[in-house]
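Peer 1: My request is simple: use the sequences and hints to build the entire structure.
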Amino acid sequence: MAETFEQAEQAAALIKVTYEEQPAIVGLEENLTSAYKPAAGLGGAATQVTRGEAEAAFQSAAVRSEQTYTTPVYHHNAMEPHATIAQWEGDKLTVYDATQSVMGVKGLLSVTLGIPAENVQVYALYIGGGFGSKGFTWANTLLAPMAAKQFDRPVKLVLSRQQVFSTAGRRTQTVQKVSLGADSTGKLAAVKHATISETSFVDEFVETAGVATTMLYSTPNLDVSHELVRLNRGTPCPTRAPGEAPGTFALEVAMDELAEQLKIDPAQLRLINHADMEEQKKKQFSEKSLKECYQKGAEVIGWKNRKAEPGTLREGNYLVGYGMATATYPANRSASTAKATLFADGHAEILCGTQDIGTGTYTVMTQVAADAFALPPEKVKVKLGDSSYPKGAQSGGSQVSASVGPPIRAAALGAISKLIRLAIADPSSPLHGYKEEEIMADNGKIHLIKEPGRVETYVQIMNRKGLDKLEAQAKTNVSTRPSTPAPAPAGSPEAKAEEESKANKAVQEDEKMDRKDYAFHSFGAHFVKVLVDPDLGMIKIDRIVGVMDIGTVMNLKTATNQIMGGMIFGIGMALMENTQYDPNNGRVVTRDLAQYLVPVHADIPEIEVHFINKPDTFISPIGARGIGEIGITGITAAIANAVYNATGKRVRDLPITPDKLIS
Amino acid sequence: MEPFKLIRVHDNQAAIRTALMAGSRFIAGGTNLIDLMKLHIETPKQVVDINKLPFSGIEELPDGGLRIGALVKNSDLAYHPVVIKKYPVLSEALLSGASPQLRNMASVGGNLMQRTRCPYFYNTDFACNKRNPGSGCAALTGYNRMNAVLGTSDHCIATHPSDMCVALAALDATIHVQGTKGSRLIPFGEFHRLPGQTPHVEHSLLPGELITHVDIPGMSYSYRSHYLKVRDRASYEFALTSAAVLLDIRGGRIQKADIALGGVGTKPWRAVPAEKVLNGASADLQTYRAAAEAALSQAKSYKDNAYKIELAKRTLVRALTTAAAIS
Numbered sequence: 001m002a003e004t005f006e007q008a009e010q011a012a013a014l015i016k017v018t019y020e021e022q023p024a025i026v027g028l029e030e031n032l033t034s035a036y037k038p039a040a041g042l043g044g045a046a047t048q049v050t051r052g053e054a055e056a057a058f059q060s061a062a063v064r065s066e067q068t069y070t071t072p073v074y075h076h077n078a079m080e081p082h083a084t085i086a087q088w089e090g091d092k093l094t095v096y097d098a099t100q101s102v103m104g105v106k107g108l109l110s111v112t113l114g115i116p117a118e119n120v121q122v123y124a125l126y127i128g129g130g131f132g133s134k135g136f137t138w139a140n141t142l143l144a145p146m147a148a149k150q151f152d153r154p155v156k157l158v159l160s161r162q163q164v165f166s167t168a169g170r171r172t173q174t175v176q177k178v179s180l181g182a183d184s185t186g187k188l189a190a191v192k193h194a195t196i197s198e199t200s201f202v203d204e205f206v207e208t209a210g211v212a213t214t215m216l217y218s219t220p221n222l223d224v225s226h227e228l229v230r231l232n233r234g235t236p237c238p239t240r241a242p243g244e245a246p247g248t249f250a251l252e253v254a255m256d257e258l259a260e261q262l263k264i265d266p267a268q269l270r271l272i273n274h275a276d277m278e279e280q281k282k283k284q285f286s287e288k289s290l291k292e293c294y295q296k297g298a299e300v301i302g303w304k305n306r307k308a309e310p311g312t313l314r315e316g317n318y319l320v321g322y323g324m325a326t327a328t329y330p331a332n333r334s335a336s337t338a339k340a341t342l343f344a345d346g347h348a349e350i351l352c353g354t355q356d357i358g359t360g361t362y363t364v365m366t367q368v369a370a371d372a373f374a375l376p377p378e379k380v381k382v383k384l385g386d387s388s389y390p391k392g393a394q395s396g397g398s399q400v401s402a403s404v405g406p407p408i409r410a411a412a413l414g415a416i417s418k419l420i421r422l423a424i425a426d427p428s429s430p431l432h433g434y435k436e437e438e439i440m441a442d443n444g445k446i447h448l449i450k451e452p453g454r455v456e457t458y459v460q461i462m463n464r465k466g467l468d469k470l471e472a473q474a475k476t477n478v479s480t481r482p483s484t485p486a487p488a489p490a491g492s493p494e495a496k497a498e499e500e501s502k503a504n505k506a507v508q509e510d511e512k513m514d515r516k517d518y519a520f521h522s523f524g525a526h527f528v529k530v531l532v533d534p535d536l537g538m539i540k541i542d543r544i545v546g547v548m549d550i551g552t553v554m555n556l557k558t559a560t561n562q563i564m565g566g567m568i569f570g571i572g573m574a575l576m577e578n579t580q581y582d583p584n585n586g587r588v589v590t591r592d593l594a595q596y597l598v599p600v601h602a603d604i605p606e607i608e609v610h611f612i613n614k615p616d617t618f619i620s621p622i623g624a625r626g627i628g629e630i631g632i633t634g635i636t637a638a639i640a641n642a643v644y645n646a647t648g649k650r651v652r653d654l655p656i657t658p659d660k661l662i663s
Numbered sequence: 001m002e003p004f005k006l007i008r009v010h011d012n013q014a015a016i017r018t019a020l021m022a023g024s025r026f027i028a029g030g031t032n033l034i035d036l037m038k039l040h041i042e043t044p045k046q047v048v049d050i051n052k053l054p055f056s057g058i059e060e061l062p063d064g065g066l067r068i069g070a071l072v073k074n075s076d077l078a079y080h081p082v083v084i085k086k087y088p089v090l091s092e093a094l095l096s097g098a099s100p101q102l103r104n105m106a107s108v109g110g111n112l113m114q115r116t117r118c119p120y121f122y123n124t125d126f127a128c129n130k131r132n133p134g135s136g137c138a139a140l141t142g143y144n145r146m147n148a149v150l151g152t153s154d155h156c157i158a159t160h161p162s163d164m165c166v167a168l169a170a171l172d173a174t175i176h177v178q179g180t181k182g183s184r185l186i187p188f189g190e191f192h193r194l195p196g197q198t199p200h201v202e203h204s205l206l207p208g209e210l211i212t213h214v215d216i217p218g219m220s221y222s223y224r225s226h227y228l229k230v231r232d233r234a235s236y237e238f239a240l241t242s243a244a245v246l247l248d249i250r251g252g253r254i255q256k257a258d259i260a261l262g263g264v265g266t267k268p269w270r271a272v273p274a275e276k277v278l279n280g281a282s283a284d285l286q287t288y289r290a291a292a293e294a295a296l297s298q299a300k301s302y303k304d305n306a307y308k309i310e311l312a313k314r315t316l317v318r319a320l321t322t323a324a325a326i327s
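Chains as they are written, first to last, in the working numbering: chain A, 1 to 663; chain B, 1 to 327.
Hint data in this document are derived by calculation from the structure and do not stem from the laboratory.
Cβ coordinates follow ideal geometry from the N, Cα and C atoms, glycine included.
Far from chain A by the CB rule (all over 10 Å, computed), these chain B residues:
#, residue
1, LYS5
2, VAL9
3, GLY57
4, ILE58
5, GLY64
6, ARG67
7, GLN101
8, HIS176
9, GLY179
10, HIS200
11, LYS300
Each computed BS3-like pair below joins lysine-lysine, with the alpha-carbon atoms no more than 27 Å apart:
#, chain 1, residue 1, chain 2, residue 2
12, A, LYS291, A, LYS557
13, B, LYS38, B, LYS5
14, B, LYS303, A, LYS660
15, A, LYS516, A, LYS282
16, A, LYS445, A, LYS383
17, A, LYS381, A, LYS502
18, A, LYS16, B, LYS45
19, A, LYS177, B, LYS303
20, A, LYS307, A, LYS296
21, A, LYS156, B, LYS38
22, A, LYS469, A, LYS496
23, A, LYS379, A, LYS445
24, A, LYS649, A, LYS187
25, B, LYS181, B, LYS45
26, B, LYS5, A, LYS16
27, B, LYS303, A, LYS649
28, A, LYS502, A, LYS516
29, A, LYS281, A, LYS516
30, B, LYS300, A, LYS660
31, A, LYS16, B, LYS38
32, A, LYS177, A, LYS263
33, A, LYS649, A, LYS660
34, A, LYS283, A, LYS512
35, A, LYS505, A, LYS469
Peer 2: Right under this line is the structure:
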């Protein structure tokens, strides 16, 4: 056990490992014949989805487009590598972990180390980026507690950048065949989307690239399939909109190709095939303003300047191209719990066992809590990233805001309700004897609605009762996923919260909303203008516009930031990001940030983000859907379509680098 | 990183003496050496810090040329008014390399000594004749999209990474070195070595020899020069292909052309066959294309880098076209 990082690193380098080499199975495209159909994707997601008679309808369609699109392996490359600090005190284990789920790590450590869950305490107060890589748990989280036990001392374990490339998740490579059949008016008669991706020999992960295809456009005939090939590579895991990000590249470039064959404007083709309802589940959308996204994006970018004929618009030495694509991501929500406390000094606190992975959860939940507590934000402290708190959602699947916002709001409202009832019951209060619904909270005080002068501060009420604090808990059991949440174990904090929530009006109103007839999805549209130097194959993104329909925008700054981040990921995917493996032995070759390229400032123009900002009245009383991942969907296709429009060169293999454009 | 001794020296002789000890390396900006030490590719016993030596100046020479101290920072050289005015090719090459932070640290001497970024050289798990002589070359049959197409051998196909050196090759720079036997001059073209059967021998410095200055000659036409770099992202990335060109054009005819290519060679690549085509020919696109064909006529590509041959030709044609338009 080393005392310093430098010591540890040098000592590890002195260990010489020899391997008995066996033939390696290293390339996806060389091993497509060994593809098999996986039973299900992550969380039981369906991997084989059909409706109607796709093959027959495709074969008899008036206009057909059938192409294969390929995407490479990507690595998340959060600036903060995976890292764990572990310390034992007797049987109790404390772990500081860079994770997207403190609750997940707690459960996993309990199971794998064979110790009771109550003996495991996990902290993740701030996380330097995850992008899916910290949603799964990797060796560091287990090795640090094991070493700490072995040597009876605290242990810190930080992966190097090179190690992150081999042992801590990645996005899988995909080969996607998209077949679109349409009638002469552009109406889709058949959509087929067959994905082959790869996984390791030790675990199975399906990149559900076709998942968005099942619902994005209206078509009576659909066939979405997923197959896997096992390779000698590290296990893949969710990465920045797993499924949708590579899947919308293939589908949305295919739509562009079909539009060209039909001689229909690509934005118009999307309108012609707009899905007014979720046709696979046969449900209405809870809220959908996609048409407005197309309209706004087209206006902002100046879509009317686009020439249908590729390679015909020039600015100086550059060819100019415009491209667009649809963005989409499911609006997930899962059961979550929160605890609210009002203190006698007039401040309030929220505890919730979720975490802020750099997306603004602290900020946005402070807003939600401050509104519900009727306190200014500086009087509200939101505490997250601690596994001793009531169980909140994991930071994955763009679900945190939609999942923990409602119970945080309900818990805070529950605390205020308790306070109001205290005043009503107290003969010394000016509000004594009134009904709860006649009283409202405002800026640290409660007053009679019809007589604002009849007022008391939170502090006065609590002081008179000799209370140093007033607590309330809330659990909302709403889930937009097919699986229903398991009941909370008896005696657990979640079970107590569930019990208390039976009397919480905000929880009741939320849970009794009729959601069964609705499908929950966010939508958006990306519009891009590119300049391409046709001789040298160099691409410059001139303008990039994203218009998002994500329900209520809770905080314009953090929301804009989220979408911008996704769009920059999209620039990376479109133009440079890719992980290369040695074709002989399968080890990662490009395993640092000098060889795995991500966009720098010089690659990124000013990013223009707009929101429709229409509340989703079915997802929750707050009306906001998650926003973490939709920004990266569609954007890669929009860039690829713009490059085609500029040059007439269709690159179907990402990234679009100079060598591919000049070949 | 392996433990090492840091020795600060204050005069040339002490530097040279210390550097003669086995396992010594000079350090100036450290922007390449420290990375290599962290990755166990370089494992010096002594690191000789030469930053206190008096080689930080840039002075104009009587022939109109420039004498550049080996410790001059890349940024200072790039933004030197004489360089901007008289040698745009050098300023542009420097500013197209690395990032502002790296250029602020990196020295001219260090840039001359910078080592390849071949991923197989950078990863001690793979065979590499440059890093571990005799172990083989994993890049030959590996992922070699970034590797060289000129000057390669069966033992090494690593690309020389520098932008600055491509400009200095075209400028016919001279390198001043000092060693135990005194000072000597090395013509730029003889400084870097082709890999041949000894890819670990990268330059012609003798043990202990210290680079003190780089001279670039005065040239009446050097204002008509240009560096063009094609790469996968807009900044902070090595060249797929690059070209440094100087053109002496009089009356529409090229009197003299100085051409070097980057991103394609195992050393900064002086394109003599292209110069032969250009010298005395008329300054037009047809000539530039013929020169580009000549420059790459000896190129040999590998599994993933055939594109470099065509891209390098286009890069040279564009660089020549751009330089010719400078007045």
